[in-house]
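Enquirer: For this one, chain A is given, so just place chains B and C on it according to the hints.
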Amino acid sequence: MTKASRSAGLIWLGLLAAALLIPYGFAALTGTPAQDAAGLAGWASAAAAAYCAKGPTPLVWLQAGLLAGLAAASLAGRRLGAWAEAVAGARGGYLTGLAALAALPFLIAAVTNSSACTRGQAFFWQAIFVDVFIMAILAISYNLMFGFVGVVSFGHAAFFGLGAYSVGLLMEHLGWPWWGAVLGALAISVAIALIKGFVGLRIRGLYFALFTLAFAQVFFLLAGNRLLVNVTGAEDGFTFAVPDFLNMTKNRLFFYYLGLAAMVLAFLVVRQLMRSPTGRVLVAVRDNENRAQMLGYNTFYFKLIAIVIAGVLAGGAGVLRGLSLKGASPEVLGLDFTMTPLIMTLVGGQATFVGPVLGAFGLHLLEDFLRDTVVTVAGVSINVGERWALILGVIFILIVIVFPYGIVGTVQNEWRKRRARRP
Amino acid sequence: MRPTLRVNVFRQSLIVSGLFVLGLLVVNLAVFKPSTVAVVMLSGLYQGMLFFLIAAGMSIVFGLLDVLNLAQGAFFMLGAYAGFAIYGALPAGTPIEARFLAALLGAAVTGGLAGALMEVGLLRPLYARPVYQIVMTLGLSTALNEMVRAIYGPAGLVPIEEPPALATTFTVLGGQFETYRVFIIVVGAALMLGISLLLQRTRLGIIIRAGVQDSEMVQALGINVRRIFTLVFALGTAVAALGGMTAAPFLGAYPGMGTDFLLVAIIVIVIGGMSSYEGTAVASLLVGLTRATAEQISLQYFNTPILASVSILLFMVAVLLVRPTGLFGRE
Amino acid sequence: MSAVLTVQDIHTFIGQFHILEGVTVEVPDHSITALLGRNGAGKTTTLRSIMGLNPPARGQIQYRGQALNGRKPYDIAQLGLGYVPDYRAIFRQLTVEENLKIAERRPGDLDRKRQFIFEIFPDLEKLYQWPGGQLSGGQQQMLAIARALVPDNSLLLIDEPSEGLAPVIIEGMMAAIRRLTAQAAVLLVEQNFRVASQLADRYVIIEDGRSVHSGTMPDLLASPALIQKYLSAA
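Protein sequence lines correspond, in order, to chains A, B and C.
Last residue of the first sequence: 416 in my numbering, with the numbers rising by one and none dropped.
Last residue of the second sequence: 312 in my numbering, with the numbers rising by one and none dropped.
Last residue of the third sequence: 236 in my numbering, with the numbers rising by one and none dropped.
No wet-lab data here; the hints were simulated from the structure.
Computed from a prediction, not measured in an experiment: that's the story for all the values here.
Be careful, since some hints might not be right.
In silico negatives: residues of chain B with every beta carbon more than 10 Å from chain C [stated by the list, open to error]:
hint: 1; residue: VAL101
hint: 2; residue: PHE151
hint: 3; residue: THR160
hint: 4; residue: GLY237
hint: 5; residue: VAL291
According to the in silico footprint, chain B covers these stretches of chain C (three or more CB under 8 Å from chain B) [to be verified]:
hint: 6; stretch: 78 to 87
hint: 7; stretch: 91 to 98
hint: 8; stretch: 103 to 111
hint: 9; stretch: 179 to 188
Note that beta-carbon positions come from the ideal geometry of N, C-alpha and C, so glycine has one too.
The shape of chain A in the complex, shown without the other chains (with noise of 0.2 Å):
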């Protein structure tokens, strides 16, 4: 062993501690452990980008001290019982699995013996995640809407497809800079987040549901449509140049935690707003709109808030989307990208915060690990990946009959039946 590889090593060790134990220490410190956390995971993101652009540098092993020294210091406050009970509770749930998200790519480059800054291994599985990280704020986003507002929409994937379009479009064509794309693209999700609210929100049930379809279909058309070859690409799609530190080729491990943090921050928007006044508004709409009219409460306002949430949050998942392919095709428009995230809401558990983003990450990561396994059932081979649609379906519909109210949903209500029966 190289004295290099080993002090490479020895950040990789300590990143790892870090990022395990700092959610805990910034929790103990300030109390707020969830935006902590997301802070911590845009820390490590930095400390992590700048390692793998200049190796274990000062710098690097400064920021490794800190956050070691930071976890010390909450390790030393606190009571190991204390401990134990923050890991079992749904609290301790979420910051253990932000940790471990956080330590990931370092975990598969250990394992599988790559590095996690070039090409191999862990590179491939990063880029994955990614994917997997969009899905799941895509999901965290028709879950809003669906699960807690109650309002069945079609055609979320025209907030996510017109989100990837706009940022390359406006990149491309327009020559804007990274951020004024992306907040260009942000602004897109509103302006259609308010155009579906003002026209459609009027029509109810599934007649909003179908509106939702026709409206998505409409730009999926013109996206494929031949006409605008010249600007779209068609149904090819086009390719556009992305500044190199948001180039997921060269800079993979900063996207993988620009992607987590996304995620993290979709999910504390949507937690946040559904605990406050707001939110509790929505779900009262959801179970019974006449009588929150009755209680006084414009609820046209309040839905109109949520759907140009949901679509901001859908247009961000859109932007990383184009982001991290440098390009669109118009598939991101395409009614995939709407019974996806539906299906994986449904999946993991419908109005509950952390369903859907379980939903996401089991279902996607599920298919890519089957992508290229062959199953020989009586002597008919089935390529699992090629069939992906009809094992989704089968999965979906064996869910549906075991856990009528989502995985997560489920365990929950089991959870709290079993409370009740205590004394």
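Expert: Below, chains B and C alone, put in the same frame as chain A:
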């Protein structure tokens, strides 16, 4: 006595629809030469009838069971494949007419049986959970498409031969038109009328119309509503499957062939006012004519059929803005 | 007089709510029994439990010696029970004729009963081809009862026949219901005590989901204390 509000709304919608068709005709006459107008109108009718065959079952089932069957397009495809299988299985010496007729009937029967199976096996356990039902029908649609792809391959089957009498063309106002399209129009019109008679004149029709409003009361009158649900669902899928086989000499059979039609069918029932059979019938023709006109305009000026699909989507959005429950829908 | 219907201590849940917590009712043949009690006491749920629309979780329901528990509503109806819900449930898109026709249990039921129905409710003859949605409240109520008369039912469950009707129409309705006892027993839910007391032979009082008192109507009328306790200020 109170004014007959509902009848007036119905008449109003009919008049509006008539004016709309008239407007389309005027646009046609202004933009195209007469031979093109004839072809566009006939093509609109033919497309409208195909849309109707898928949408009719969806609309009635939605009214009665509150399920939007997004697998209806898959049954359209299933009908085509079943028809092909039967057509191919009959010995080569059989006259084409007989093989063709057997394929049509076989497609309808297959579609009906598969639909009954789906209703009893997959939808019934989910009646308390409407969103799951919709996703279930969509999942089933994907599954059926994938199964067909796995068994018959992704390429699809070459269109089968139609009976010689229908394989001819004829001329209207100087425009060439295939006789087979007229056959499709006739089949569609016959079913349109047949279903209407079934709904208006038979006991089953009375039960269906009553069940749309209050299926619990129908049950309290001693009628096994669940059995009616299954029957109606199966009838709907049978009509869609028949539609698929009817279109097969034109389109052939390929995985996903129903999906394009499904989206249009959804637009049709939304425009017509969900769960209104008359609305679905009228709207399918309006949509067919609109689509054909827009397609021709688009081809003439932009050299791409883009407006065909966009026009009906905009049509739907416009209708929803003016009447949020569709042309013939009830509040 | 033998009992057509015996409801023995039924408990019914709607969702998580325990609506009926022990209701016992007995309906003798060819007579009218009224369920009395305040709003929300569980009278309508009792009728719905008998019809199988809200099946009871516990307790026995017997109709002419047959257990109704576990049967589906259509199955129960076919045994000879007619149900007239409080919201009347007239099919608005169907004509009066079709509204009656749909209640046939065997072909020809309506042809046999048409004259009888027109005799009791002469209005329906003029309105025969009208859509149900265009009838007035009183006409809809007549149609709802007439619909229960089309098959040979021997027990009619009638919920709030006088609700929302003008006094002169209520008189006619009461006369019609009284005539029905020739063929069938009637279990009536009636909020209007004056109507119930003139119509019914027996009564059962339901309070908070429990049947708390029952007897003959003359006994009830002779006991102002009972009326005061359970039925006043309803």
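Enquirer: Each hint: holds or not?
Expert: Verification of the hints:
no., hint, result
1, VAL101, "holds (16 Å)"
2, PHE151, "holds (42 Å)"
3, THR160, "holds (39 Å)"
4, GLY237, "holds (37 Å)"
5, VAL291, "holds (35 Å)"
6, 78 to 87, "holds (count 4)"
7, 91 to 98, "holds (count 5)"
8, 103 to 111, "holds (count 5)"
9, 179 to 188, "violated (count 0)"
Violation of the numbered hints given earlier is confined to hint 9; every other hint is satisfied by the structure.
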